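Start from the sequences and build out the full structure, keeping to the hints where you can.
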Amino acid sequence: MPRPLPLPPLRAALPPPPRRHYLSTALLLGGSVLVVAYYYDSKSLLHEHVAMPLMRLAADPEQGHRLAVRVLGWDKWARPRDMGVDGDELQAELFGMHLKNPVGIAAGFDKDAEAIDGLFDLGFGYVEVGSVTPEPQPGNPKPRFFRLEEDDACINRYGFNSLGHGHALARLRLRLAKFAHDHPSLFPSPLPANLVPPAGLPRSLRAGQLLAVNLGKNKASDADSNDDYIRGVRTLGPYADVVVINVSSPNTPGLRALQGKQQLERLLNDVVDERNKIAHGTGLPKIAVKVASDLSEDELADVASAVRSSGVEGVIVSNTTIRRKELNLISGNQDQIGGLSGKPLFPYALNALKTLRPLLPPSIPIIGCGGISSGSDALTMANAGASIVQVYTSFGFRGVGTPRLIKDEITERLKAEREGEAGGEGKGGSWKTHVGRDWVSSGQQPMGWDENRLQQESQALVEEARGLAELLRQSDDKEETVKLVEQAERALGIVKEEVAPLPPSSAAAAAAAPVEAAVPSRDGFVIESGGVGAPSIGEALIAEPVPQVDLAPIVVLEEKKTSVDERREGGERDNEWKQAVKTGPKRLV
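One point on numbering: in UniProt numbering, the residue at position 513 of the sequence shown is 513, and numbering is uninterrupted.
Calculated from the structure, these hints are not laboratory results.
Please note that the accuracy of each hint is not assured.
[Said to hold, decoys possible] Simulated crosslink set (BS3-like; lysine-lysine; CA at most 27 Å straight-line):
#1 K178 - K219
#2 K343 - K325
#3 K100 - K286
#4 K261 - K286
#5 K325 - K100
#6 K178 - K286
#7 K261 - K142
#8 K343 - K415
#9 K100 - K343
#10 K354 - K277
#11 K286 - K325
Please read all numbers here as calculations on a predicted model, not as lab measurements.
Structure below.
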């Protein structure tokens with residue numbers, strides 16, 4: 001009888017035990033949840049140590065930039081966000097408005113207002129979009145964005161690539177319309193076609209956060225025209241908490257020339273006038289001007305003078321730099337043309353801030369920007385007088401967790417101060433107590449602003465005018481006299497708006513006027529000198545009469561300013577004025 005064939009093992013014919021199937025499913029689901037959680041949490045290591053390195057390897061720098069903006073522009077459920085909570089010690093103040101934290105994102109990342117809410121959700125207290133130009137323009141040819149990995153820096157020469165005011169306006173209105181749909185009680189019904197935010201509502205549409213729009217100039221626009229900025233204020237101003245006037249990008253020909261005293265003063269006056277025409281029912285945006293760290297001390301003094309006289313509310317220091325040799329760069333792209341940002345810029349931005357801060361009253365805040373990559377950098381800027389700070393390049397290197405990481409570093413430093421472990425001796429312990437601390441510890445006036453010093457400098461300028469008058473008395477050459485007067489007007493930074501001879505009746509009336517009349521200044525204090533208060537050199541000389549001088553032919557230049565509070569010290573005045581006639585203008589202001 002044949003033996004039966006052996007049966008196959010039952011184990012091979014049966015399905016795997018259910019327990020193993022459930023375990024693999026649970027692991028898959030758990031892993032998916034973990035990945036999603038890591039993705040949503042902006043501070044997770046996934047972003048800084050996985051996503052950002054992969055992006056730098058796989059994408060061209062500009063493509064990586066565009067991808068990041070696109071991801072942050074997705075719907076709320078699909079983008080990462082800050083899972084942390086800002087403590088009270090991080091609260092800041094800007095333009096009299098409350099901010100829940102002092103860390104902002106600089107212009108240049110979201111150029112066309114496509115990722116506003118994504119950036120706010122990452123935990124930024126201040127989001128600045130732009131620069132936006134009136135008409136669309138492609139910017140400079142590619143490649144135009146370069147990473148300097150070894151230097152933690154970037155060089156860009158984008159050249160104000162922008163989709164224009166129309167596109168930015170559409171994005172801002174669409175965002176406002178969505179908000180109105182979710183909060184109908186705050187808006188009229190039905191909604192108007194040209195929807196604008198109601199009074200009292202921050203343009204960020206978020207409590208404790210501010211939205212700024214940075215305005216640029218088209219490359220094809222007339223270099224001497226301010227129309228691009230005026231159009232920007234008129235079009236986009238009603239949708240911004242802050243409007244930033246960008247006159248410091250190195251990638252638009254002739255733009256930085258607008259930082260000159262006369263040009264900047266005229267521009268800022270035009271911008272403020274246009275801002276004041278916005279319907280008050282919608283609220284007026286604040287105006288800030290963004291300047292470069294490459295400016296000299298004299299040029300920064302000119303900026304301060306223009307800001308004080310125009311009514312602009314704030315300054316951003318600073319934009320990218322065109323420096324190279326002194327930065328000691330080691331990266332291969334260091335010779336690329338364009339503006340450099342990142343860590344090497346920090347000491348220069350800090351120095352510009354320290355130079356500008358005492359030239360402005362404490363009521364005019366400065367936003368610190370340039371090379372900030374840590375909480376320590378941010379506090380250093382605050383100590384020097386920055387009300388808040390902005391990041392840009394470090395955001396590109398560290399990823400979406402940058403604002404939370406910097407805020408946590410600030411919080412740790414402040415906590416250590418409160419415990420007396422960081423040399424703080426228990427003093428302070430909040431961001432606000434750090435703003436301007438360097439000036440307080442050095443025993444100077446708040447933020448270095450000293451009205452008495454400015455009054456003394458103004459009085460010294462009167463002495464300069466008296467020296468000029470004495471030279472005029474000694475001179476018989478009328479041509480030389482006219483040259484001296486013109487040189488004096490240039491030295492005092494007076495803008496020639498109208499030139500006319502001084503009528504005898506005006507001369508007699510001016511001579512009869514009291515010399516010590518108090519003249520109000522736009523800087524908030526009173527200068528007690530008729531000479532300083534005079535609107536021109538000619539009237540200054542009449543207010544301080546000099547014997548044996550015929551003042552009739554002296555030119556009078558009418559201008560808006562009523563005081564001058566900067567001058568160059570040192571040297572023999574008589575020799576300087578005489579030498580100026582022979583060799584050309586010398587700077588006194």
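Hint check:
no.	hint	in the structure
1	K178 - K219	violated, 34 Å
2	K343 - K325	holds, 15 Å
3	K100 - K286	holds, 19 Å
4	K261 - K286	holds, 21 Å
5	K325 - K100	violated, 39 Å
6	K178 - K286	holds, 24 Å
7	K261 - K142	violated, 34 Å
8	K343 - K415	holds, 26 Å
9	K100 - K343	holds, 26 Å
10	K354 - K277	violated, 34 Å
11	K286 - K325	violated, 37 Å
When held up to the earlier numbered hints, the structure conflicts with 1, 5, 7, 10 and 11 and fits the remainder.
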